[in-house]
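2 protein chains.
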Amino acid sequence: MGTGRQTRQRSAILGKIREAEGPLSIAQIHERAGGEIPRLGIATVYRAVKALREGGEIVAVELPGEEPHYETADRGHHHHFRCRVCEQTYDLGVCPVGIPRGTMLPGGYTVEDHSLTLYGRCADCVA
Amino acid sequence: MGTGRQTRQRSAILGKIREAEGPLSIAQIHERAGGEIPRLGIATVYRAVKALREGGEIVAVELPGEEPHYETADRGHHHHFRCRVCEQTYDLGVCPVGIPRGTMLPGGYTVEDHSLTLYGRCADCVA
DNA sequence: CGAATCTTGCGAACACAAACTCAATAGCAA
DNA sequence: TTGCTATTGAGTTTGTGTTCGCAAGATTCG
Chain A
1 MGTGRQTRQR SAILGKIREA EGPLSIAQIH ERAGGEIPRL GIATVYRAVK
51 ALREGGEIVA VELPGEEPHY ETADRGHHHH FRCRVCEQTY DLGVCPVGIP
101 RGTMLPGGYT VEDHSLTLYG RCADCVA
Chain B
1 MGTGRQTRQR SAILGKIREA EGPLSIAQIH ERAGGEIPRL GIATVYRAVK
51 ALREGGEIVA VELPGEEPHY ETADRGHHHH FRCRVCEQTY DLGVCPVGIP
101 RGTMLPGGYT VEDHSLTLYG RCADCVA
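Going line by line, the protein sequences match chains A and B.
Just so we're aligned, residue 1 is where the first sequence starts under full-length UniProt numbering, counting upward by one.
Just so we're aligned, residue 1 is where the second sequence starts under full-length UniProt numbering, counting upward by one.
Simulated from the structure, these hints should not be mistaken for laboratory data.
Positions of the beta carbon are idealized from the N, C-alpha and C atoms, including for glycine.
Be a bit skeptical, because a hint or two may be false.
Unchecked claim - Chain A stretches covered by chain B per the calculated footprint, using a threshold of three residues with CB under 8 Å from any CB of chain B:
1. 33-39
2. 58-64
3. 97-103
Could you put the whole structure together from the sequences, leaning on the hints where they help?
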């Protein structure tokens, strides 16, 4: 599985995902990379994201009620904060969920994993 | 705002949501109520759910990567467990997230709310 | 440089959930 | 029971996110 050709649009797309403060939606990637590459097509973003996902460089992040967002695969276990004002999603370092893999909850539920999203206002939007 | 007429389909739909072990998708409501009301139309489920939502009887639950699910509005703060085998979602009583409203996280994020989903296997699917 | 072919941009096509249309049906009040 | 009218079911339509098809353009290798 080769990486394919190196084009301006592909490096712009991966670059924007890399330098983002959290996972980006397709629309956000399109906007941001489009600042660098005028007339960047949305289909190109979809194609690049698909390829990057198949190559294991980025992963999809599903947020409640949102379209998929994408971030680099090297960020490890973490959670997300979504600002209700600017609608940005940010990575968080903390994991305030004390439920290790394998825990059995009352009711017989065996936990393998979890997903936490915090909601509120980011620093810029508290003003 | 009246409740409208009482029909067999509406009471079946609300009944299924009430007796469910967790939030149901439109498709699940359709399936379950359809056992009681043959030839129940999907549009009727959408219409009933919309009316129940506007009347404050049920609320939408957004789960990562899923269509909206619906449950009765009287269940208070709780979280959900999703079985990866049977793809059912169950209500949980526990809230293992120690982040009260108003907490400020490193980075300047002010938390108002949170949403947690646990993944694993339910009792029936551990076999 | 030049050819081969992979990639791009754009419009059309698709998939899916949700809403609408309307004739037939069923609640409800008298 | 009777009539009025809200509701239903089935199909059609909309809306939005994603993919496809193809001609034009870019990248890589000889």
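Each hint, compared with the structure:
no. : hint   : verdict
1   : 33-39  : violated (count 0)
2   : 58-64  : holds (count 3)
3   : 97-103 : holds (count 3)
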